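Novice: These protein sequences, in sequence, are chains A and B. Numbering (my numbering) for the first sequence: 1 to 217. Numbering (my numbering) for the second sequence: 218 to 317.
Please note that the accuracy of each hint is not assured.
Unchecked claim - Among chain A residues calculated to face chain B with C-beta under 10 Å, some are:
{"#": "1", "residue": "Ala15"}
{"#": "2", "residue": "Pro28"}
{"#": "3", "residue": "Ile184"}
{"#": "4", "residue": "Ala214"}
None of these hints come from the bench; they were simulated from the model. Every value quoted in this text rests on a predicted model; they were computed, and no experiment measured them. Where is the CB? At the ideal position from N, CA and C, for every residue including glycine.
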Amino acid sequence: MTPALIVFFIIGTIAVASSMLVIGMRNPVHSALFLLLTFLCVAVLFVMKAAEFVAAVQVLVYAGGIMVLFLFVVMLINVRHLPDEKWKGGFAVGLAVFILFASVVRPGVYHDPVGKEEQLRTTYTYRHRRVKMPDGTVQRRLLRRGTVVGNSEAVGMALYQEYLVPFEVASLFLLVAMIGAIVIGKRELTAVEEETAPDFILDRVETEKDVKEAMSA
Amino acid sequence: MPSTEAYLMLSGTLFAVGLIGVIIRRNMITVLMAIELMLNAVNVNLVAFSHQMSSLDGQVFAIFVITVAAGEAAVGLAIIIQLYRLKSTINVDEARELNG
Numbered sequence: 001m002t003p004a005l006i007v008f009f010i011i012g013t014i015a016v017a018s019s020m021l022v023i024g025m026r027n028p029v030h031s032a033l034f035l036l037l038t039f040l041c042v043a044v045l046f047v048m049k050a051a052e053f054v055a056a057v058q059v060l061v062y063a064g065g066i067m068v069l070f071l072f073v074v075m076l077i078n079v080r081h082l083p084d085e086k087w088k089g090g091f092a093v094g095l096a097v098f099i100l101f102a103s104v105v106r107p108g109v110y111h112d113p114v115g116k117e118e119q120l121r122t123t124y125t126y127r128h129r130r131v132k133m134p135d136g137t138v139q140r141r142l143l144r145r146g147t148v149v150g151n152s153e154a155v156g157m158a159l160y161q162e163y164l165v166p167f168e169v170a171s172l173f174l175l176v177a178m179i180g181a182i183v184i185g186k187r188e189l190t191a192v193e194e195e196t197a198p199d200f201i202l203d204r205v206e207t208e209k210d211v212k213e214a215m216s217a
Numbered sequence: 218m219p220s221t222e223a224y225l226m227l228s229g230t231l232f233a234v235g236l237i238g239v240i241i242r243r244n245m246i247t248v249l250m251a252i253e254l255m256l257n258a259v260n261v262n263l264v265a266f267s268h269q270m271s272s273l274d275g276q277v278f279a280i281f282v283i284t285v286a287a288g289e290a291a292v293g294l295a296i297i298i299q300l301y302r303l304k305s306t307i308n309v310d311e312a313r314e315l316n317g
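With the hints as constraints, model all of the structure from the sequences given.
Specialist: So this is what it looks like as structure tokens:
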């Protein structure tokens, strides 16, 4: 029983228990806070598997961003009108899925490599070099040289070299999601509000009208 | 060092808990949280296999999954707000206009 294994059991138990509380709590605020605890525990598990950068992103994006978003929406929505919960045998389905996972993942199928962790912290540079072959001829070969740096730098190099196109597509996806969220979440003004709204809110409409008049003139 | 299969068992458990949450909960916010839980379980899998294979690809994929989860949460919560404006409820059973 190594110390790493003890930490894994403690953190894993907290993660599973708090994830169960996420779906067990009636109050969404409590659910959100337990979800935060689950995410932090999973970040610790990432660090133990030499994924420091993913752990940092997990804390920043999940614990920092998504959780604030959830709490904002809980605040916007009246928590007093909670729907009635009905159990529909979902527990059996989830248990069946878990048993399926557990039967697929048998102990001994996967062997943990030892001492290969350095590769997760390595960046590679590629360079053409003239190589003298055994039969005396000289050929140009693409040589790879690895440098051991930090995990963050290695992931960064992988993102900007090997995964450049998916990375850019992800940024486009985020832009689309942002515009979509704004458009979907926007509220149309009612007729009463439009009458009583102050002028600066309706300014945009007037300028559009002005533009149309200027176009037709 | 905990082995890869220990991580897979843990991620399987987290995924199953998330799936139970999606199925049994009627509160739409909690359902969205359960979906986030399932995506996180997938991330645990990816990172464990990345360590197993000594390859960074799994970690890069985990970052992409986190990106998609962020976008999904934003759009999903916007939909929840709009549904609440329309029906004054966030019960998933209330939104059944398309139910034939």
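Novice: Can isoleucine 184 (chain A) be said to touch chain B, with a Cβ gap under 10 Å?
Specialist: It holds, given that the least Cβ distance between isoleucine 184 (chain A) and chain B is near 4 Å, below 10 Å.
Novice: So, as I understand it, the hint says alanine 214 (chain A) touches chain B; can you test that by seeing if any CB pair is closer than 10 Å?
Specialist: violated, 35 Å
Novice: Would you check whether alanine 15 (chain A) satisfies its interface hint, that is, whether its CB is within less than 10 Å of any CB in chain B?
Specialist: holds, 7 Å
Novice: Interface hint check: proline 28 (chain A), Cβ to nearest Cβ on chain B, cutoff 10 Å. Holds or violated?
Specialist: holds, 5 Å
When held up to the earlier numbered hints, the structure conflicts with hint 4 and nothing else.
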